[in-house]
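Participant: Residues per chain, in single letters:
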Amino acid sequence: MLEFAVPIAIVAVWVFIGIRILAEYERGVVFRFGRFNGVKPAGLRWIIPGVDRMVRMSLREIVMDVPPQEVITRDNVSVKVNAVLYFRVLHPEKSVIQVENYLYGTSQLAQTTLRSVCGQAELDDLLAEREQINLKLQEIIDDQTEPWGVKVRAVEVKQIDLPHEMQRAMAKQAEAEREKRDKVIHAEGEYQAA
Amino acid sequence: MLEFAVPIAIVAVWVFIGIRILAEYERGVVFRFGRFNGVKPAGLRWIIPGVDRMVRMSLREIVMDVPPQEVITRDNVSVKVNAVLYFRVLHPEKSVIQVENYLYGTSQLAQTTLRSVCGQAELDDLLAEREQINLKLQEIIDDQTEPWGVKVRAVEVKQIDLPHEMQRAMAKQAEAEREKRDKVIHAEGEYQAA
Amino acid sequence: MLEFAVPIAIVAVWVFIGIRILAEYERGVVFRFGRFNGVKPAGLRWIIPGVDRMVRMSLREIVMDVPPQEVITRDNVSVKVNAVLYFRVLHPEKSVIQVENYLYGTSQLAQTTLRSVCGQAELDDLLAEREQINLKLQEIIDDQTEPWGVKVRAVEVKQIDLPHEMQRAMAKQAEAEREKRDKVIHAEGEYQAA
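Protein chains in written order, with the working numbering: chain A, 1 to 194; chain B, 195 to 388; chain C, 389 to 582.
Mixed in with the good hints, there may be bad ones.
Unchecked claim - Chain A residues, not near chain B, derived (Cβ > 10 angstroms throughout):
#1 Val-15
#2 Ile-17
#3 Leu-22
#4 Glu-26
#5 Arg-56
#6 Asp-65
Stated by the list, open to error - SDA-like mimics (lysine to any residue), calculated; alpha carbons at most 20 angstroms apart, straight line:
#7 B:Lys-234 to A:Val-51
#8 C:Lys-571 to B:Arg-375
#9 B:Lys-274 to C:Ala-557
#10 B:Lys-330 to C:Glu-519
#11 A:Lys-180 to C:Ala-581
#12 C:Lys-428 to B:Asn-231
#13 C:Lys-468 to C:Glu-458
#14 B:Lys-345 to C:Val-451
#15 A:Lys-172 to B:His-380
#16 C:Lys-539 to C:Met-452
#17 A:Lys-80 to B:Ala-322
#18 A:Lys-80 to B:Gln-353
#19 C:Lys-546 to C:Gly-507
#20 C:Lys-482 to C:Asp-440
#21 B:Lys-274 to C:Pro-551
#22 A:Lys-172 to C:Ala-581
Hint data in this document are derived by calculation from the structure and do not stem from the laboratory.
All C-beta atoms, glycine included, are put in the ideal place defined by N, C-alpha and C.
I would like the entire structure built from these sequences, with the hints used as guidance.
Facilitator: Following this line, the structure appears as structure tokens:
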């Protein structure tokens, strides 16, 4: 019996080394002898030690902050815009095989897209039509990250910082609107009273 | 039997030393006695130890940051521009044989091209016609890196930093637009009130 | 048999010592008893040990940074200019025989040429006519490095640092343009309000 003890122990260790536990929200991208072999679902999995290599990918939604970007709108107002990106990995094999670092790539893409979309809009649209800006951002970023297996669910512009002088000028415009109504109401009152 | 043990062990070690595993997204540029012999696809590969040399090249997309470049636009505004480059190696043999360091070369080329393209544009075009600037950058850089086997998929201008005085001057123009509306609203109010 | 073993071993070692492997992109410049004997192509090569000497030369393209040079332009503005040089060795024997260190020589030549070409140009030409400056630099440097067997494919001016006062003066011109537009908008507002 003892003569089998050593081989059995070696096999046991070998089997044990190949054990991997993948969480519910993880997938394992397996490469057999370097070639893409498949994506392992969550649970207790086994890969052949020395032959298989597994890259763990999380499918959980990632909420990523896009750092503030200084943008000059189409009507020449320089604003600071930041945004939040909600995305997840949809095809883990693409995120590993197609791109060096999908997180860095997605972040850079979000930054440039935020700039170009906001730069093409006028300040009033940027402030009033956020829904549309968000939708446009989501569509462009999603489209560009598609080959990396990344699905962008939503993009939301967070903060739009205006320069103080611009804030003043805009406030004046709003006040003028009120004063106009005020004058019209006054005039109406006087007309009716007359 | 024992007399064959040593030679067999030597051959086994020799065979083992030549084993290479190339990941799905990697290619091996093989030189036999120094001469280019071919490009090995992904998977389990064997090269003749002492005779073959293999250089591993990744075909994954690389997202590269082009550091900020101080550029003077055609209309004499000095701005700081940076960009993002999306590229991959298309012909691994060229990236090894034709150039000393394709990553450094691509980075330098992106920097000088960013400068020259932005330097030939006027500030307004730089801010408003990003799409065209990006396309022009992509075309020139892709064309220049072609002999190195590098394919540039896209270039995107990221940040355009204006000097503060210029920002102020541009903001004034935008504020003037608001004040114009302010005046028009006031006049309308008075007209309706009258 | 044994009496031949030692001489055979010595000859074998002697033959073995002379083996050289030249990569696809390398050439071997061979000197026999010190005299130039020829250029060996890539592959497995043999030189006579103790008689031949081989200098390995790479033919791959080199991307070289030319460090910033302080230049005074024809119109007396002192600027800091740097550039990037793309070159390769075309005739390896010349690069070995004609010059002590072709890399150092090329770098120094690029620096002095950068100075003299930029010093003969006016600042505006330097900023606006990059293509022509680049071409002139390439032609001069290529011409000068020709006896060293070096082929300069391209030279690209990278950064042109202006003194702050100059930047300010140039920016003012651009700002004036903006202020003009600001005034026009103001006038329009008053016209419409009237």
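Participant: Are the hints correct? Go through all of them and say.
Facilitator: Going through the hints against the structure:
{"no.": "1", "hint": "Val-15", "in the structure": "21 angstroms, holds"}
{"no.": "2", "hint": "Ile-17", "in the structure": "17 angstroms, holds"}
{"no.": "3", "hint": "Leu-22", "in the structure": "19 angstroms, holds"}
{"no.": "4", "hint": "Glu-26", "in the structure": "19 angstroms, holds"}
{"no.": "5", "hint": "Arg-56", "in the structure": "15 angstroms, holds"}
{"no.": "6", "hint": "Asp-65", "in the structure": "16 angstroms, holds"}
{"no.": "7", "hint": "B:Lys-234 to A:Val-51", "in the structure": "19 angstroms, holds"}
{"no.": "8", "hint": "C:Lys-571 to B:Arg-375", "in the structure": "14 angstroms, holds"}
{"no.": "9", "hint": "B:Lys-274 to C:Ala-557", "in the structure": "17 angstroms, holds"}
{"no.": "10", "hint": "B:Lys-330 to C:Glu-519", "in the structure": "15 angstroms, holds"}
{"no.": "11", "hint": "A:Lys-180 to C:Ala-581", "in the structure": "13 angstroms, holds"}
{"no.": "12", "hint": "C:Lys-428 to B:Asn-231", "in the structure": "18 angstroms, holds"}
{"no.": "13", "hint": "C:Lys-468 to C:Glu-458", "in the structure": "4 angstroms, holds"}
{"no.": "14", "hint": "B:Lys-345 to C:Val-451", "in the structure": "18 angstroms, holds"}
{"no.": "15", "hint": "A:Lys-172 to B:His-380", "in the structure": "11 angstroms, holds"}
{"no.": "16", "hint": "C:Lys-539 to C:Met-452", "in the structure": "13 angstroms, holds"}
{"no.": "17", "hint": "A:Lys-80 to B:Ala-322", "in the structure": "17 angstroms, holds"}
{"no.": "18", "hint": "A:Lys-80 to B:Gln-353", "in the structure": "12 angstroms, holds"}
{"no.": "19", "hint": "C:Lys-546 to C:Gly-507", "in the structure": "16 angstroms, holds"}
{"no.": "20", "hint": "C:Lys-482 to C:Asp-440", "in the structure": "18 angstroms, holds"}
{"no.": "21", "hint": "B:Lys-274 to C:Pro-551", "in the structure": "15 angstroms, holds"}
{"no.": "22", "hint": "A:Lys-172 to C:Ala-581", "in the structure": "16 angstroms, holds"}
Violated hints are absent here; each numbered hint is respected by the structure.
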